[in-house]
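K.L.:
Position chain B relative to chain A; hints supplied.
As given, the protein sequences belong to chains A and B, one line each in that order. Start counting the first sequence at 1; every next residue gets the next number (UniProt numbering). Start counting the second sequence at 1; every next residue gets the next number (UniProt numbering).
If you're looking for bench data, these hints aren't it; they were derived computationally from the structure. Any given hint could turn out to be false.
Stretches of chain A that chain B covers, calculated by requiring three or more beta carbons in the stretch to come under 8 Å of a beta carbon on chain B [claimed, not checked]: (1) 97–107; (2) 347–354; (3) 380–394.
Once the Cα atoms are required to be at most 25 Å apart in a straight line, the calculated DSS-like pairs of lysine-lysine come out as [what the hints assert, rightly or not]: (4) B:Lys-47 to B:Lys-186; (5) B:Lys-23 to A:Lys-411; (6) A:Lys-54 to A:Lys-23; (7) B:Lys-411 to A:Lys-78; (8) A:Lys-23 to B:Lys-410; (9) B:Lys-78 to A:Lys-410; (10) B:Lys-361 to A:Lys-361; (11) A:Lys-78 to B:Lys-410.
Since the structure is predicted, the reported quantities are computational estimates derived from the model, not experimental observations. No residue lacks a Cβ here, since even glycine has one placed at the ideal position from N, Cα and C.
There are 2 protein chains.
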Amino acid sequence: MMSNQGSGFTECEDVSHANQMTKVSSKPDVSMLDPNILDDERKPMRKRMETYVKLLQRRLVDMIEAEENAGRASHDPKHFTVETWTRKQGGEGTSCVIQDGEVIEKGGINVSVVYGNLPPSAIRQMSADHDGLIERIGYKVEGPDAQVDGLPFFATGISVVIHPKNPMSPTSHFNYRYFELMHPEKLKDGSPNPNYHEEPVAWWFGGGADLTPMYLFPDDAKHFHKVHKDAADSQDSAFYVAWKKWCDKYFWLTHRGENRGIGGVFFDDLTLPMWNHRRTTFIPLMDGTNQANQVLVSSKQHNKESLFRAVRAMGDAFIPAYLPLVHKHKNDPFNEDNLEWQRLRRGRYVEFNLVYDRGTKFGLMTPGARIESILMSLPLVARWEYMEGTTGTARESSTAAHINDGENRKKHSEDEMKAREAMQDALEHPRAWI
Amino acid sequence: MMSNQGSGFTECEDVSHANQMTKVSSKPDVSMLDPNILDDERKPMRKRMETYVKLLQRRLVDMIEAEENAGRASHDPKHFTVETWTRKQGGEGTSCVIQDGEVIEKGGINVSVVYGNLPPSAIRQMSADHDGLIERIGYKVEGPDAQVDGLPFFATGISVVIHPKNPMSPTSHFNYRYFELMHPEKLKDGSPNPNYHEEPVAWWFGGGADLTPMYLFPDDAKHFHKVHKDAADSQDSAFYVAWKKWCDKYFWLTHRGENRGIGGVFFDDLTLPMWNHRRTTFIPLMDGTNQANQVLVSSKQHNKESLFRAVRAMGDAFIPAYLPLVHKHKNDPFNEDNLEWQRLRRGRYVEFNLVYDRGTKFGLMTPGARIESILMSLPLVARWEYMEGTTGTARESSTAAHINDGENRKKHSEDEMKAREAMQDALEHPRAWI
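Just chain A, same shape as in the assembly (with noise of 0.2 Å):
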């Protein structure tokens, strides 16, 4: 399973015996996929979106492939193990796992493309997370006067977790991901149902990409903000500033008071207000602040044509945003100062992950998931240290953190607590890199 945040399909049905069939190979097949149909606006958005994530995912596991073995003997080049699962109630992935290798300590790159039916209760708790989704749904759904039993849905993404190996190369995650619900053939009482042919009873598009670097280099994140900008300016000005906003209060630690990384873009239920892909309209922004009195809105009118484009130029800037700061930083020279320090900030990165993301918890929840796949996101290896003196919580006023501290600079050189000290002070002031 992806980690998707908040469209809740993981928790759909009994899943305890998905996954059943499995079967390992080189790369992941894309031979049967029509790159045409991208742009086809006659074909199902389901299939094109499907299509991309599909295509995406194999021209990352090309170039990262690429990047880990051009240092390598041609003799012994290091391949990500490739691996398609299908699902008993409906659809299939395909993970790819790169671990231990001389660029790449640990990456995850997985595509998944599920589909059945979502019972009430997971309505209901989707719901949650969507805001407005019970009312726009029209059904009525959960009691004993409910007119159907679930909602068909759909969803594929791609969700994506690099972690390099070199302290100074940073650690990069994104996914994208398209969700739907569709109106039941038949009612809940057997007879057919009127609607069923219609468009979809909702639909979105939610994402993001962000970067975790080990050690601050300013170059690096703008580069990498920079590159998703220009991809978010190309579709309508007002998405970068709201997404990086949401990016940084999503990724936001909040008992160690820092962010999990510099940021990026996150983004959720990017859809039209009538859920319909005909009408062209302004469409309401979110930044995560939940804030109802302050609405954001598009600088130009949209249909879900142009959303797709725009999740598609999102998807398209993580290679250019991210694998030059990976080739740029994979032979920089590090010391066993510099490893300690990265095994630190990693982990924080599992404690985001297993403490906040809605996507790994909702899977780890759920009855038969793929947990090899949901914990792909977690580093190799990952230390704790009780009163770090550099980091926020143990910035405290504590005597014990000012003697463990004094101990780290007794022990590092006075160049690595600079450097660990402009790290950390971007993580607990998010800034505006560009």
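P.N.:
Frame of chain A; chain B shown alone:
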């Protein structure tokens, strides 16, 4: 804050400026404590339990330091970092942490004594984990006709996690705690409360101890359980049966289909049906299965005094149950394979504490809580591998898991693989060790 399951006192007040004053010493100071009050029924239980956990903390610090330093040159002893903090709204605590020792990789021994006012919302939340609490309180605590504006509370406890360095040496955790809710001095309308001088509105003990080995030594598991069972049996032959079952149930990692370790004892809500310390009566016992129709009852009559004796017997049992295992294994030979497996098992420990542990989750959600004390339970280093062949979730019918398992078998000796499987089997199928 100690890692206290379900007592909820961490949620009670704005503690955003708690823990302002701290001091560091070499040992927890017990010079002002009077050990005679442990057996003096005329003294308040809160003071007796506080004295007990502080003396136990000091004994543990002394004994673990002795074990740590037995092999060291006398001019280079390793000590706990001992820090005392005070809580603005009432209370104090002492956190003792040892890190990067030769015997102990990371260990924390925390004691806290906190009190103040528990607001209505926190009482409601606490009642979710403490069945029947609202009914027993007797006051109307919420709504327009609320009689009180919260209730005074008191909580004290000890919380301990020890991660030894040698991979043959098991991790262990225990905590014991006492909680009281009192009658407020004044009612919500400002009038004096006629019940003010009565016994507490409610009180209970909670706690438990569990063992998490990396490699299974059945004799160690038996020893740990036997010492705790003997301690429990010395008080009531019905205790161990219920508490062992509750422990297996509580430490279950649902998403992995395995236990955190090989169990021990776990209990909460240990009290008298009438929350009174005078009556002597048979008491209900829970085993964590929440089967309303299955009523377990103590084998003999208890009063508050006998329950305190039981908690002390359990707390005292930890040292003879666990420290001999550290001593036994601290010089065992080990290799890089063993360390790798230790780090993988520690990854599971991190997953349990961040995803499931009620005390950790409560702590992390509490504004101003002392995060470093809560997360002292995390190991120094942890590792996550995709599709590690031996563990629960990777055993699914996955070709990648079989391939990785094959590579594991080439990489590691047959003995190592057998040992990992024996451990894994014990985690997936909790046993009656004695």
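K.L.:
State for each hint whether it applies.
P.N.:
Hint check results:
For the stretch 97–107 of chain A, the stated coverage by chain B is satisfied: 3 residues place a CB nearer than 8 Å to a CB of that chain, which reaches the threshold of 3. Coverage of the stretch 347–354 of chain A by chain B holds in this model, with 4 residues showing a Cβ closer than 8 Å to a Cβ of that chain against a need of three. With 10 residues bearing a CB less than 8 Å from a CB of chain B, the stretch 380–394 of chain A meets the requirement of three and the coverage assertion stands. Annotation: proposed proximity of Lys-47 of chain B to Lys-186 of chain B holds, straight-line Cα distance about 24 Å (limit 25 Å).
Taken as a hint, the Lys-23 of chain B and Lys-411 of chain A pair is honoured in the structure, with Cα atoms around 23 Å apart against an allowance of 25 Å. As the CA atoms of Lys-54 of chain A and Lys-23 of chain A are separated by approximately 17 Å, the hinted pair is consistent with the 25 Å bound. At most 25 Å may separate the alpha-carbon atoms for a hinted pair to count; Lys-411 of chain B and Lys-78 of chain A meet this at roughly 17 Å. With a C-alpha separation of about 22 Å, the suggested pair Lys-23 of chain A and Lys-410 of chain B falls inside the 25 Å cut-off, and the hint holds.
Straight-line distance between C-alpha atoms of Lys-78 of chain B and Lys-410 of chain A comes to about 18 Å, which keeps the hinted pair within the 25 Å bound. Between the alpha carbons of Lys-361 of chain B and Lys-361 of chain A the distance comes to roughly 13 Å, so the proposed pair stays at or under 25 Å and holds. Straight-line distance between C-alpha atoms of Lys-78 of chain A and Lys-410 of chain B comes to about 18 Å, which keeps the hinted pair within the 25 Å bound.
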